[in-house]
Amino acid sequence: MKIFDVKTLIYQTLDSIPELQGNIYPRYPEELTTYPLAVYSTSHVTVQRNADQEELLTSWSFTIDLFCEGSPQEIEDKIIDTFSQMGFTYSAVDQDLNGVSRVAITFYGVVDNQMKHVYQK
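Once you know that position 49 of the sequence shown is 67 in the numbering used here, the rest is easy, because the numbers rise by one and skip nothing.
One should not assume that every hint holds.
Stated by the list, open to error - Computed list of lysine-lysine pairs in BS3-like fashion (alpha-carbon distance at most 30 Å, straight line):
id	residue 1	residue 2
1	LYS134	LYS96
2	LYS134	LYS25
3	LYS20	LYS134
4	LYS25	LYS96
Unchecked claim - Taking CB as the label site, the calculated pair distances span:
id	residue 1	residue 2	range
5	MET133	ASP112	31 to 37 Å
6	SER102	TYR53	22 to 28 Å
7	HIS135	SER109	31 to 37 Å
8	ASP70	ALA110	34 to 40 Å
9	LEU50	ASP70	24 to 30 Å
10	GLY40	TYR126	15 to 21 Å
11	THR26	LEU50	41 to 47 Å
12	ASP112	TYR43	18 to 24 Å
13	LEU75	GLU49	37 to 43 Å
14	THR26	TYR137	17 to 23 Å
15	ASP70	GLU49	44 to 50 Å
16	SER77	GLN113	26 to 32 Å
17	GLY88	LYS20	17 to 23 Å
18	ARG45	ASP114	40 to 46 Å
Everything labelled a hint here was simulated from the structure, so no lab data went into it. C-beta: ideal position from N, C-alpha, C; glycine also.
Could you put the whole structure together from the sequences, leaning on the hints where they help?
Listed below in structure tokens is the structure:
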């Protein structure tokens with residue numbers, strides 16, 4: 019059994035937000051010139067395996083760095099709302115980078131790789 023691909027879920031979810039389409043990256047681009055844009059990173063660890071050593075539960079955390087000129091609040095709210103409805107919890111920090119706003123939103127959840135459900139720790 020393969021673990022559920024949260025990276026694909028993140029990309030597809032961000033791409034469904036019209037303001038971000040075409041500006042979603044798994045690593046920082048060489049130049050940040052087009053706004054808004056989102057950069058995501060992920061990490062995961064096995065929580066539970068079965069007798070055949072198939073990974074049943076995986077703990078995921080992923081961070082989405084959102085960069086906007088002006089206020090990122092509307093896009094930030096869409097991102098948080100969408101992933102929260104899936105079952106992920108989050109924390110967020112923001113900063114002003116000389117006219118460009120940056121919000122780092124980190125999501126957490128345990129994914130059941132068979133049922134495709136998200137649980138809290």
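Hints, verified against the model:
1. LYS134 to LYS96: holds (22 Å)
2. LYS134 to LYS25: This hinted pair holds, its Cα atoms lying about 14 Å apart.
3. LYS20 to LYS134: At roughly 11 Å apart (the allowed maximum being 30 Å), LYS134 and LYS20 satisfy the hint.
4. LYS25 to LYS96: Holds - the C-alpha atoms of LYS96 and LYS25 are around 18 Å apart, at most 30 Å.
5. MET133 to ASP112: 31 to 37 Å: holds (34 Å)
6. SER102 to TYR53: 22 to 28 Å: holds (24 Å)
7. HIS135 to SER109: 31 to 37 Å: violated (22 Å)
8. ASP70 to ALA110: 34 to 40 Å: holds (39 Å)
9. LEU50 to ASP70: 24 to 30 Å: 45 Å Cβ-Cβ, so the 24 to 30 Å window is violated.
10. GLY40 to TYR126: 15 to 21 Å: violated (28 Å)
11. THR26 to LEU50: 41 to 47 Å: Violated - the Cβ-Cβ distance for THR26 and LEU50, about 24 Å, lies outside 41 to 47 Å.
12. ASP112 to TYR43: 18 to 24 Å: holds (19 Å)
13. LEU75 to GLU49: 37 to 43 Å: Holds, at about 39 Å.
14. THR26 to TYR137: 17 to 23 Å: holds (20 Å)
15. ASP70 to GLU49: 44 to 50 Å: Taking Cβ atoms as reference, ASP70 and GLU49 lie about 47 Å apart, which means the hint holds.
16. SER77 to GLN113: 26 to 32 Å: holds (27 Å)
17. GLY88 to LYS20: 17 to 23 Å: With a Cβ separation near 41 Å, GLY88 and LYS20 fall outside 17 to 23 Å, so the hint is violated.
18. ARG45 to ASP114: 40 to 46 Å: violated (23 Å)
In terms of the numbered hints stated before, the structure departs from hints 7, 9, 10, 11, 17 and 18, listed from lowest to highest.
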